[in-house]
Amino acid sequence: MALRLRSSTSKSNFLNILRYNNLGFGTASHAARHLRTHDPTLLRVSQNPISRFCNTMAEKLSSVGENEDANAQVMDFPGGKVAFTPEIQFISESSKERVPCYRVLDDNGQLITNSHFVQVSEEVAVKMYSDMVTLQIMDNIFYEAQRQGRLSFYATTIGEEAINIASAAALSPQDVIFPQYREPGVLLWRGFTLQEFANQCFGNKSDNGKGRQMPVHYGSNKLNYFTVSATIATQLPNAVGAAYSLKMDKKDACAVTYFGDGGSSEGDFHAALNFAAVMEAPVLFICRNNGWAISTPTSDQFRSDGLVVKGRAYGIRSIRVDGNDALAMYSAVHTAREMAISEERPILIEALTYRVGHHSTSDDSTRYRSADEIEWWNKARNPLSRFRTWIESSGWWSDEEESDLRSRVKKEMLEALRVAEKTEKPNLENMFSDVYDVPPLNLREQERQVRQTIKSHPQDYPSDVPL
Amino acid sequence: MAALLGRSCRKLGFLSSGHGARRSVSTETGKSLNLYSAINQALHIALDSDPRSFVFGEDVGFGGVFRCTTGLAERFGKNRVFNTPLCEQGIVGFGIGLAAMGNRAIVEIQFADYIYPAFDQIVNEAAKFRYRSGNQFNCGGLTIRAPYGAVGHGGHYHSQSPEAFFCHVPGIKVVIPRSPREAKGLLLSCIRDPNPVVFFEPKWLYRQAVEEVPEHDYMIPLSEAEVIREGNDITLVGWGAQLTIMEQACLEAEKEGISCELIDLKTLLPWDKETVEASVKKTGRLLISHEAPITGGFGAEISATILERCFLKLEAPVSRICGLDTPFPLVFEPFYMPTKNKILDAIKTTVNY
Chain U
1 MALRLRSSTS
11 KSNFLNILRY
21 NNLGFGTASH
31 AARHLRTHDP
41 TLLRVSQNPI
51 SRFCNTMAEK
61 LSSVGENEDA
71 NAQVMDFPGG
81 KVAFTPEIQF
91 ISESSKERVP
101 CYRVLDDNGQ
111 LITNSHFVQV
121 SEEVAVKMYS
131 DMVTLQIMDN
141 IFYEAQRQGR
151 LSFYATTIGE
161 EAINIASAAA
171 LSPQDVIFPQ
181 YREPGVLLWR
191 GFTLQEFANQ
201 CFGNKSDNGK
211 GRQMPVHYGS
221 NKLNYFTVSA
231 TIATQLPNAV
241 GAAYSLKMDK
251 KDACAVTYFG
261 DGGSSEGDFH
271 AALNFAAVME
281 APVLFICRNN
291 GWAISTPTSD
301 QFRSDGLVVK
311 GRAYGIRSIR
321 VDGNDALAMY
331 SAVHTAREMA
341 ISEERPILIE
351 ALTYRVGHHS
361 TSDDSTRYRS
371 ADEIEWWNKA
381 RNPLSRFRTW
391 IESSGWWSDE
401 EESDLRSRVK
411 KEMLEALRVA
421 EKTEKPNLEN
431 MFSDVYDVPP
441 LNLREQERQV
451 RQTIKSHPQD
461 YPSDVPL
Chain V
1 MAALLGRSCR
11 KLGFLSSGHG
21 ARRSVSTETG
31 KSLNLYSAIN
41 QALHIALDSD
51 PRSFVFGEDV
61 GFGGVFRCTT
71 GLAERFGKNR
81 VFNTPLCEQG
91 IVGFGIGLAA
101 MGNRAIVEIQ
111 FADYIYPAFD
121 QIVNEAAKFR
131 YRSGNQFNCG
141 GLTIRAPYGA
151 VGHGGHYHSQ
161 SPEAFFCHVP
171 GIKVVIPRSP
181 REAKGLLLSC
191 IRDPNPVVFF
201 EPKWLYRQAV
211 EEVPEHDYMI
221 PLSEAEVIRE
231 GNDITLVGWG
241 AQLTIMEQAC
251 LEAEKEGISC
261 ELIDLKTLLP
271 WDKETVEASV
281 KKTGRLLISH
291 EAPITGGFGA
301 EISATILERC
311 FLKLEAPVSR
321 ICGLDTPFPL
331 VFEPFYMPTK
341 NKILDAIKTT
351 VNY
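From first to last, the protein sequence lines stand for chains U and V. Letter 116 of the first sequence, counting from 1, is numbered 116 in the UniProt record's numbering, and no numbers are missing. Letter 210 of the second sequence, counting from 1, is numbered 210 in the UniProt record's numbering, and no numbers are missing.
Hint data in this document are derived by calculation from the structure and do not stem from the laboratory. Don't take every hint at face value.
What the hints assert, rightly or not - Over the 10 angstroms line for every Cβ pair with chain V, so calculated as not near, a few chain U residues:
{"id": "1", "residue": "Ser115"}
{"id": "2", "residue": "Asp207"}
{"id": "3", "residue": "Asp268"}
{"id": "4", "residue": "Asp364"}
{"id": "5", "residue": "Trp376"}
{"id": "6", "residue": "Glu402"}
{"id": "7", "residue": "Lys411"}
{"id": "8", "residue": "Asp434"}
{"id": "9", "residue": "Asp437"}
As the list claims (entries may be wrong) - Rough simulated footprint, nothing fancy, chain U against chain V, three-plus residues with beta-carbon under 8 angstroms:
{"id": "10", "segment": "111–124"}
{"id": "11", "segment": "158–164"}
{"id": "12", "segment": "202–215"}
{"id": "13", "segment": "228–240"}
Each residue gets a CB set at the ideal place from its N, CA and C atoms; glycine is no exception.
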């Protein structure tokens with residue numbers, strides 16, 4: 001089936017069928033009939049006439065109900081009927097084969113024949129590639145700046161540019177983002193400027209965050225990107241609540257949250273996926289499975305077949321995607337988003353990739369993995385070069401445009417750094433504001449005390465923070 | 001058994017807010033309601049007055065294990081009032097997300113004893129949401145309600161008073177009502193306050209406390225302590241259910257010629273230092289009482305602050321009559337609790353120092 005889905009904003013025909021075909025009480029869906037009489041709460045939140053449960057029930061069950069000996073062959077428990085078996089059978093801990101990975105471009109950036117993907121316009125494709133290049137250059141320059149002592153800290157996204165940019169490109173600006181900390185590309189796509197990135201990293205007075213957090217803890221309400229917090233996976237249940245809000249407000253939008261392979265071990269991952277399924281929340285869970293949580297490889301992180309198999313445990317539709325294939329990422333996220341919104345359901349996307357950079361500037365990953373391995377992924381499996389091949393073969397890019405872009409971005413980036421470094425820090429009062437909506441008495445008193453102390457011991461305090 | 005007898009006194013009317021009352025609501029009449037009904041009323045009003053408000057948590061759909069959410073799902077629909085999976089970190093995390101989108105998320109934790117899985121979400125996310133974002137975002141619409149405190153037979157996991165953990169977290173507010181009328185007004189203030197709030201409800205009083213509660217929509221301000229009994233010899237500070245015990249001690253002390261001033265703190269974070277300071281400057285003596293274990297309890301914060309502000313006016317050391325430093329015991333509850341007589345003895349010791 002060579003189905004080419006269009007990449008327009010209108011829903012695909014297939015989804016329209018699901019939406020408007022009422023498989024209610026009148027039709028012979030045995031599983032649904034049994035469940036409806038036993039569990040009225042299934043209908044409570046869903047605005048969808050189709051009981052969600054009939055999609056997830058084992059197909060075999062519908063034939064069981066028809067048999068005259070049904071009573072002898074099924075058992076009735078809270079949660080629905082189950083067939084029984086007199087054999088002692090365990091579900092295996094793993095499938096014989098790993099879940100296959102969706103990809104559209106091969107390692108050389110050539111389109112795989114008969115692949116399904118969402119069509120991307122030249123404009124979008126060129127912006128995607130340009131932003132991937134910009135992200136790469138930004139990362140390299142910030143990283144070097146930290147090495148030179150100009151920045152206190154930085155964490156790169158090297159190797160994961162396709163996940164960042166392609167996923168962002170497939171979303172709408174109204175979709176709310178709950179990032180972990182390795183997704184600045186999503187902000188970049190939406191219009192966050194190099195200057196704004198630099199301002200946050202330097203914590204100067206132009207930083208949206210008012211200098212309160214470490215570098216790379218970006219946030220922008222204008223761009224619907226919730227501020228990064230370093231705690232792992234805490235954003236996952238938050239995203240589910242936000243998705244529920246969008247559903248209640250009937251918005252054509254979803255919540256999207258990112259996390260790594262390490263984050264999937266946190267309790268909040270379990271909490272969030274379970275809630276998302278029960279609340280029927282339109283949320284995309286995008287896992288950047290890059291093989292490493294600082295120095296911990298995935299073999300020390302979990303024993304499942306990655307992330308994609310975990311979705312089913314919660315009743316969540318899932319897909320595994322080649323995270324270094326920008327076109328596949330775009331298609332997967334685009335499709336997932338439509339499902340999430342129109343069907344009011346969560347989707348889990350496992351994007352396989354590799355963390356080419358160190359965990360952060362505080363890490364030297366050659367201490368726990370080989371430099372050869374890193375180099376291989378950087379060269380042979382680079383997401384930028386694959387996508388570049390594809391856009392060039394489409395006639396949308398050239399070497400000249402490449403060098404123009406790179407030199408322009410580098411210049412802009414260095415200038416942004418220079419300006420951010422020179423800009424003064426936020427005023428001291430910003431230490432005490434926003435703890436609450438209005439500073440309470442104890443904070444007003446403490447500000448007074450600190451200002452007193454500064455007068456007595458000015459040498460104890462940084463001179464670049466205006467009082 | 002002594003604990004039960006002591007507590008039965010509460011059934012006879014309630015703490016008179018007549019003395020030193022500043023709020024007009026305390027002189028209004030209303031319907032006679034117990035604590036859970038007053039809270040229920042507040043929730044009905046909250047959901048009615050704001051269509052973007054939600055109530056959720058374990059078992060809230062059928063009315064909740066303490067009936068605080070009775071009738072809400074039927075009236076406002078299961079999209080706004082619903083059961084959640086059994087997962088406190090999910091409940092609070094989900095609530096933060098909902099609040100971050102501008103809704104009022106009124107979350108129920110079934111017992112304060114079970115709030116700890118949500119502690120990370122509360123401390124690292126809710127409390128810092130506004131500050132870390134430079135005020136681009138906030139989750140002020142979040143209110144977390146949890147029943148707390150001794151109940152006579154609750155043991156380790158149905159009796160805890162965890163307020164001290166939360167009072168150490170800049171960015172959230174901690175509120176504890178003493179009675180039905182107070183609870184309704186304070187809860188509405190918490191729900192409408194633009195900051196995330198943890199609201200501990202004294203479960204012992206859910207049925208035991210009965211009071212006239214005005215039926216209309218009213219709010220009692222946060223961070224304002226109330227002098228509920230005026231006196232000159234010693235100041236007593238407490239919150240929640242403990243105030244009934246403290247009031248009994250005050251009544252008995254009065255028979256022996258000791259005039260006690262009793263203050264309901266109501267909001268523990270940020271707390272009203274000024275009211276307590278003014279009172280102690282008048283009386284020269286302070287006694288703090290809470291059910292939570294004494295070491296590291298919130299009484300220590302009050303004591304240290306008052307010492308800083310009132311040192312020269314103090315006639316005696318600050319006294320703390322609190323729960324003991326053990327897990328909340330079952331058979332030994334009467335020994336653990338800060339009883340009326342423990343408080344009375346301490347009042348006399350302090351006055352005679």
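Problem - Given coverage of the segment 111–124 of chain V by chain U, checked by CB-CB distance under 8 angstroms (3 or more) - result: Held - the segment 111–124 of chain V has 4 residues with a Cβ nearer than 8 angstroms to chain U, which meets the minimum of three.
Assertion that glutamate 402(U) lies outside the chain V interface [Cβ separation over 10 angstroms]: 35 angstroms, holds
Task: Status of aspartate 434(U), Cβ more than 10 angstroms from any chain V Cβ - done: At about 5 angstroms from chain V, aspartate 434(U) fails to clear the 10 angstroms cut-off, so the statement is violated.
Quiz item: Per the stated criterion, does the least C-beta distance between lysine 411(U) and chain V lie above 10 angstroms, as a non-interface residue requires?
Solution: 29 angstroms, holds
Q. Serine 115(U): least C-beta distance to chain V exceeds 10 angstroms?
A. At roughly 36 angstroms from the nearest Cβ of chain V, serine 115(U) sits farther out than 10 angstroms, so the non-interface label holds.
Within the assertion that chain U covers the segment 202–215 of chain V, do at least three residues meet a Cβ-to-Cβ distance smaller than 8 angstroms?
-> With 0 residues in contact (Cβ-Cβ under 8 angstroms with chain U), the coverage given for the segment 202–215 of chain V is violated.
Q | Cβ separation check - tryptophan 376(U) to all of chain V, threshold 10 angstroms | A | About 37 angstroms separates tryptophan 376(U) from the closest Cβ of chain V, which puts it past 10 angstroms; holds.
Review point. When you look at the beta carbon of aspartate 268(U), is every beta carbon of chain V farther off than 10 angstroms?
Key: Its Cβ does come within 10 angstroms of chain V, the nearest being 6 angstroms, so this is violated.
Three-residue Cβ test at 8 angstroms for the coverage of the segment 228–240 of chain V by chain U
Three-residue rule not met by the segment 228–240 of chain V, so violated; n is 0.
- Are three or more residues of the segment 158–164 of chain V within 8 angstroms, CB to CB, of chain U? violated (count 0)
Notebook entry, point to check: Is aspartate 437(U) truly not at the interface, in the sense that its beta carbon sits beyond 10 angstroms from all beta carbons of chain V?
Noted result: Given that some Cβ of chain V is not farther than 10 angstroms from that of aspartate 437(U), nearest at about 4 angstroms, it is violated.
**Study point:** 10 angstroms Cβ clearance of aspartate 207(U) from chain V
**Key:** Check fails; 7 angstroms does not lie beyond 10 angstroms.
Hint violations for this structure: numbers 2, 3, 8, 9, 11, 12 and 13, all remaining hints satisfied.
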